[in-house]
Amino acid sequence: EVKLSGDGRMGVVYDGADWNFSSRARVAFTLSGTTDSGLEFGASFKTSDIRGDAAGADGLEDPRAGNRGTVFISGAFGKLTMGDVASAPEELFGDLADVGYMGDDWGTANGGTNDIPYLTLDNETTSGLMYTYSAGSFSVAAAMTDGNGYGSALQGTFEADTQAYSVAAAYTFGNYTVGLGYEQLDRTGSVLDMSQTELAGIAKFGNTDVKAYYAIGGDANPVDDAVGLSVASTFNAITVKGYVQNVDYVAAGVDSVTWYGLGADYDLGGGAILAAGVQDDDINGSDPTANVGVKFKF
Amino acid sequence: EVKLSGDGRMGVVYDGADWNFSSRARVAFTLSGTTDSGLEFGASFKTSDIRGDAAGADGLEDPRAGNRGTVFISGAFGKLTMGDVASAPEELFGDLADVGYMGDDWGTANGGTNDIPYLTLDNETTSGLMYTYSAGSFSVAAAMTDGNGYGSALQGTFEADTQAYSVAAAYTFGNYTVGLGYEQLDRTGSVLDMSQTELAGIAKFGNTDVKAYYAIGGDANPVDDAVGLSVASTFNAITVKGYVQNVDYVAAGVDSVTWYGLGADYDLGGGAILAAGVQDDDINGSDPTANVGVKFKF
Amino acid sequence: EVKLSGDGRMGVVYDGADWNFSSRARVAFTLSGTTDSGLEFGASFKTSDIRGDAAGADGLEDPRAGNRGTVFISGAFGKLTMGDVASAPEELFGDLADVGYMGDDWGTANGGTNDIPYLTLDNETTSGLMYTYSAGSFSVAAAMTDGNGYGSALQGTFEADTQAYSVAAAYTFGNYTVGLGYEQLDRTGSVLDMSQTELAGIAKFGNTDVKAYYAIGGDANPVDDAVGLSVASTFNAITVKGYVQNVDYVAAGVDSVTWYGLGADYDLGGGAILAAGVQDDDINGSDPTANVGVKFKF
Numbered sequence: 057e058v059k060l061s062g063d064g065r066m067g068v069v070y071d072g073a074d075w076n077f078s079s080r081a082r083v084a085f086t087l088s089g090t091t092d093s094g095l096e097f098g099a100s101f102k103t104s105d106i107r108g109d110a111a112g113a114d115g116l117e118d119p120r121a122g123n124r125g126t127v128f129i130s131g132a133f134g135k136l137t138m139g140d141v142a143s144a145p146e147e148l149f150g151d152l153a154d155v156g157y158m159g160d161d162w163g164t165a166n167g168g169t170n171d172i173p174y175l176t177l178d179n180e181t182t183s184g185l186m187y188t189y190s191a192g193s194f195s196v197a198a199a200m201t202d203g204n205g206y207g208s209a210l211q212g213t214f215e216a217d218t219q220a221y222s223v224a225a226a227y228t229f230g231n232y233t234v235g236l237g238y239e240q241l242d243r244t245g246s247v248l249d250m251s252q253t254e255l256a257g258i259a260k261f262g263n264t265d266v267k268a269y270y271a272i273g274g275d276a277n278p279v280d281d282a283v284g285l286s287v288a289s290t291f292n293a294i295t296v297k298g299y300v301q302n303v304d305y306v307a308a309g310v311d312s313v314t315w316y317g318l319g320a321d322y323d324l325g326g327g328a329i330l331a332a333g334v335q336d337d338d339i340n341g342s343d344p345t346a347n348v349g350v351k352f353k354f
Numbered sequence: 057e058v059k060l061s062g063d064g065r066m067g068v069v070y071d072g073a074d075w076n077f078s079s080r081a082r083v084a085f086t087l088s089g090t091t092d093s094g095l096e097f098g099a100s101f102k103t104s105d106i107r108g109d110a111a112g113a114d115g116l117e118d119p120r121a122g123n124r125g126t127v128f129i130s131g132a133f134g135k136l137t138m139g140d141v142a143s144a145p146e147e148l149f150g151d152l153a154d155v156g157y158m159g160d161d162w163g164t165a166n167g168g169t170n171d172i173p174y175l176t177l178d179n180e181t182t183s184g185l186m187y188t189y190s191a192g193s194f195s196v197a198a199a200m201t202d203g204n205g206y207g208s209a210l211q212g213t214f215e216a217d218t219q220a221y222s223v224a225a226a227y228t229f230g231n232y233t234v235g236l237g238y239e240q241l242d243r244t245g246s247v248l249d250m251s252q253t254e255l256a257g258i259a260k261f262g263n264t265d266v267k268a269y270y271a272i273g274g275d276a277n278p279v280d281d282a283v284g285l286s287v288a289s290t291f292n293a294i295t296v297k298g299y300v301q302n303v304d305y306v307a308a309g310v311d312s313v314t315w316y317g318l319g320a321d322y323d324l325g326g327g328a329i330l331a332a333g334v335q336d337d338d339i340n341g342s343d344p345t346a347n348v349g350v351k352f353k354f
Numbered sequence: 057e058v059k060l061s062g063d064g065r066m067g068v069v070y071d072g073a074d075w076n077f078s079s080r081a082r083v084a085f086t087l088s089g090t091t092d093s094g095l096e097f098g099a100s101f102k103t104s105d106i107r108g109d110a111a112g113a114d115g116l117e118d119p120r121a122g123n124r125g126t127v128f129i130s131g132a133f134g135k136l137t138m139g140d141v142a143s144a145p146e147e148l149f150g151d152l153a154d155v156g157y158m159g160d161d162w163g164t165a166n167g168g169t170n171d172i173p174y175l176t177l178d179n180e181t182t183s184g185l186m187y188t189y190s191a192g193s194f195s196v197a198a199a200m201t202d203g204n205g206y207g208s209a210l211q212g213t214f215e216a217d218t219q220a221y222s223v224a225a226a227y228t229f230g231n232y233t234v235g236l237g238y239e240q241l242d243r244t245g246s247v248l249d250m251s252q253t254e255l256a257g258i259a260k261f262g263n264t265d266v267k268a269y270y271a272i273g274g275d276a277n278p279v280d281d282a283v284g285l286s287v288a289s290t291f292n293a294i295t296v297k298g299y300v301q302n303v304d305y306v307a308a309g310v311d312s313v314t315w316y317g318l319g320a321d322y323d324l325g326g327g328a329i330l331a332a333g334v335q336d337d338d339i340n341g342s343d344p345t346a347n348v349g350v351k352f353k354f
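Quick mapping for you: the protein sequence lines, in order, are chains A, B and C. Read in order, the letters of the first sequence are residues 57 to 354 in my numbering. Read in order, the letters of the second sequence are residues 57 to 354 in my numbering. Read in order, the letters of the third sequence are residues 57 to 354 in my numbering.
Treat the hints as calculated values from the structure; they're not laboratory data. It is possible that part of the hints are untrue.
Intra- or inter-copy, both count: the list cannot distinguish identical chains.
[Claimed, not checked] Capping the alpha-carbon separation at 30 Å, the derived lysine-lysine pairs in BS3-like fashion look like this:
#, residue 1, residue 2
1, K135, K353
2, K102, K353
3, K260, K353
4, K260, K135
5, K135, K102
Using the sequences and the hints given, assemble the complete structure.
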């Protein structure tokens, strides 16, 4: 069976200097089936109205990036997913609450967004394998790429002999989830290998969702440690959201960076949300950015 | 909700020297929803079987061009559309009647088609904003692009500091519509700015549709004035169509150009039309072009 | 009417040196209609989750290749198809039985697969025209490209003055089909023209399908002759498949090449098949390749 759904957005974005238009429409294909023995299988990917917009290079957005295509098979053994998968910790913990109608496609003048800075498979288009399994309150995930290379040739980040691994576990009790993740990037020359460990906590207090993480870089990872927190509170049709993150770098003389976002969503009903957000960082000479618009689910 | 529709065409095209094949199939996605307060929103775009054909560079047709993706929200205030919009006058007046199964994708040996030579947002892929409003017999439209740049980077026509504006109004009484439009292109250096004013008339006499326009270039627009007329008459399953256009240029010594098209459609029913057309211009040394084929709606 | 269907696959591929991941998901659009006089028309093409995988250049798979888009109209006169058509003999005889979950997308270390080495329109994206007609036990097909050029500009194989022609006929009696095909490639300079004649036989013995062909190259075709055979036998949920092919070259001192594949499919039901296959050739220094995975129909 093939099912269709869609999303769209339109609004204006401020990059610290100019207000520009940005809109997008996408259709998601969701394919699903079941074997005679009860294994479930499926696939999903997206197609979009591809144009240049303020968030991408003008007129040069590439149809091959970002469709998040995956294929899976699942059963009592868990779920195996192949394709444009995330890292194991991102699969279990996700990112912080986003702000504005552009979500994580729009960040500070220096690129900071609500995305948690996971080390591996974060918005890459490398083909990877993900295994996930849940039993009661426990969830585990493991992800890896093959030895064929890592990164995006289109974006000039492809490395032929680099391989990524990650594992993560989460435990949920009532409205609280805690999790631990570990990621490794094996690059040519062992001194270039990088690793990262993440501790994450997710909690729900009434109408308020809180998420926090702490990450420690290892090996040749330029990140010493990173920490972040987001809060989202819903009052009737309005959701107020905010996040703050800080990264410290290993290198002497490189300043740590703090960035944050504040936003509000107004639910118009029927799948439409009016959203506005402001984001900024403490890097010298950079102005706040903002975006205001509507986002749609179809 | 996501709805699907489609179109296709197949036939042969004569470019003045050779007859070649040309075919295409497309699917259009139409997304729609309604907010709790009754605002309508939606989006639409197309995907196609992308191959090189006689009308494009061989094997190099780009999937990012021409999907005409837009996102809109509408209510009592009118309609706001963002994305690959047309200019305001094109939105209200459209183009002249097309000839042949290729429509405006196939023109004279020098590229003249049934398209009215609007100054702005004509087959560009720049992100723009369109506002339209109708009250009784009156319709108005306004369109603009943001300051992020104008034109298509893919086609090498992108200008970073160029912005387009346009406004148009139309009045309909019975079977007649008259309209006035104004377009402006602000380019780097004020002496490079261009403008254009269009006067258009659309009439229906029994089974005959007539459309005519007169356009006057201003500022640095190389066009002095342009004029065009099309007639389409339907006799049972057959529609005979023709258009003629003329452009005078400002520059001394540059000849004016006249071009025209003549065609006939035969309605096969069920969404299929057999169509043939011939187009030519009065530029020295260019031969007539032609195309014959079937076009489908699904 | 627009109908959707889909396919997907996931698994691992061994290229003779490394095991890598490879997955893909696709959606096929099938468009159909009928004219008032009963002519049927339609179109079909595919869209996919486009990523680099082990079978393609990393991250550089192109969305314009392989969607196999075609448009057709059919009636008592036969069927006319335009677009990404195959050659006439491939249309009537197809290819040998494939092995593994990757089908003909995965072959020996030197690229040999279950594909019969047809001379023309084999996995090209050139726009062509196909005519097919069946009457009782007889089927005929004819295919040609226009003079606009041949091959794929994207893959660097485009030749501006090359044109392909092919004709084929097949006769079916009971469980047996025999066929004859002829292909011609007219290239710039008559001494570069190539031709090829194919004789094919298809038979069904109980649960076993057998297909064989013999091809003779002519004119400047570097192939002297080629021969191949495939057998596929089904035992309940299991299908065992194998093929072997041999090509002799005209040039003195160029070794002939033999390659083969062996595989098994296990039908999981519901549209899912577990498939494994091994392929190898007798070229010095090349190791066997293999692939194991699941393939899905939606």
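At most 30 Å between alpha carbons: which applies to K135 and K353, within, between, both or neither? both (27 Å within a copy, 19 Å between copies)
Alpha-carbon proximity between K260 and K135, which holds within one copy, between copies, both or neither at 30 Å: This pair counts as within: shortest intra-copy Cα distance 27 Å, inter-copy 39 Å.
At most 30 Å between alpha carbons: which applies to K260 and K353, within, between, both or neither? within (24 Å within a copy, 40 Å between copies)
How would you label the pair K102, K353 (within, between, both, or neither) given a Cα cut-off of 30 Å? Intra 14 Å, inter 18 Å, cutoff 30 Å: intra and inter.
30 Å Cα cut-off: does K135 pair with K102 within a copy, between copies, both or neither? both (21 Å within a copy, 27 Å between copies)
Taken one by one, the earlier hints all hold for this structure without exception.
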